[in-house]
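Starting from the known structure of chain A, fit chain B onto it as the hints suggest.
Line order of the protein sequences matches chains A and B. Take the first sequence: its letters are residues 1 to 271, numbered as in the numbering used here. Take the second sequence: its letters are residues 1 to 238, numbered as in the numbering used here.
It should be emphasised that the hints constitute simulated quantities derived from the structure, not laboratory data. Since this is a predicted model, take the numbers as computed values, not measurements. Using N, Cα and C, we set each Cβ at its ideal position, and we do this for glycine too.
For each label pair, taking beta carbons as the anchor points, the in silico distance ranges come out as:
| # | chain 1 | residue 1 | chain 2 | residue 2 | range |
| --- | --- | --- | --- | --- | --- |
| 1 | A | Phe18 | B | Asn70 | 23 to 33 Å |
| 2 | B | Leu164 | A | Glu221 | 31 to 41 Å |
| 3 | A | Arg219 | B | Val153 | 31 to 41 Å |
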Amino acid sequence: MRISLEDVWHVYSPGTAFETVALRGVSLSVEPGEVLGIVGGTGSGKSTLAAHLNLLLRPTSGRVLVDGRDALALRKSELRRRVGLVFQFPEQALFAPSVEEDVAFAPRQMGLGPEAVEERTAAALGVLGIAHLARRPTRALSGGEQRRAAIAGTLAMRPQVLVLDEPTAGLDPFSRRELLGVVRRLREEGTSVVLVSHDLDEVAEVSDRLCVMEGGAVRAEGTPEEVFYGELALAPTTVRVAARVRESAPGLGRPVSYDETLRSLRALIGG
Amino acid sequence: MGPNGGGKSTLVRLLNGLLVPDSGEVAVAGHDPVTEPFEVRKRTGVLFQNPENGLVAPFVEDDVAFGLENLGVPREEMRRRVAEAIRSVGLSGYERREPHTLSGGEKQRVALAGLLAVEPEVLLLDEPTSMLDAPGRREVLRRIGGLRRSKTVLHVTHHLEELLEADRVLVINGGRLVAEVEPGRLMADAALLEENRLVPPTVPRLAADLGLGSCRTPEDLAGAVLRRVWEGSGAEIR
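Pulled out of the complex, with its shape left as it was, chain A reads as follows (with noise of 0.2 Å):
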């Protein structure tokens, strides 16, 4: 499924003292199973427009488009499904007593069977590999665990869009790079996934493209490749260190991810 914005504005508030306008004229498109990575400065309209994939917020002008429909027409139980929002801190809205009751909750609200129900609750723990705590009380989780348990909740529904905004927050480094092996493993998968994150060394990881948001508007679209090497102020820790050996040895290469960047220095100074 390919969901796209078109000329999307969204003020909050509007008409009142405390009007803000969060989006200004953004178009975009998410395309089926790419994970797109959504950055920039803290205030700069990302999670607005997370919101706006799914409808939850609604444009106050421009369109959102879902396989190129408006989105409004379609049953918001069905768009809510079929895309799937995990808020930012989402482990605050785990409820019940145990981690396999609270992500059997939403499949067995969309009505489902009690064997699908288990059948896609044990696949979204198996995804996020916490099939061995299905059984503990939420709150005896670390905040990691807890975290991963809050997003196999919105996965048990299949989405075909998951939308992560700042899903490594507070997390520490481990927690972190298993939550993107999560998003690498639901791509393989088929599903597409947009990160929203303030982390330019994650989203260098594991983004096929990116969006930068400044002041509510896109800034810069691309592969991370293009969007980084373009703009360095924009780049992440590898890129920088991998430009600033480029000016000296232009035969580096642009590698961006970790393990990228790590390859091509070796093969520089080992040849």
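This is chain B only, laid out in the frame that chain A set:
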């Protein structure tokens, strides 16, 4: 520092009396947070991991002023300190915004401004930069760094580079204090890092993986790489 679930946030809550120890004693500036909560809380300020949990007032400036109001600070001084705190976290112009309309990173700055306005003796910061972009993080760290020597700062973080200037780093894992080291030594101790699910920042990590000496900035590292290439062949380098 330490992995999720290791006990860092529990420690912060014990220091503020939000949790009661099952056994043992806690003293903050000589006071027990459980039996003398007011004595402890007027000397300490806490910044919670999720900024949503700390904001109470309808407008940003009221929220930042909240702590000072409770301490009975005179109005004029309060105005001055609130304005200064809001400016120092880069939120000038946000005074009359409603906290719920702010982004995660902006809320985190509001919560920090509330703490900085009070300037308590002890600051307990539970991941104060988890929602901030790189420039925001640098700004906040500079402000926290400015409190060195005059205040006691307990700074919980998952980013080793944020603790390079710390006097001591405590590593907490499995509910135990497993190490107390200088930041430089922690960074160099691969085994200790690995055991505690810590990852060094990108520059020193690349430098170590490439077998180069210690580097701090991308420029340092690029220089070290080029010197190594030059020593090796010398041919193609301008």
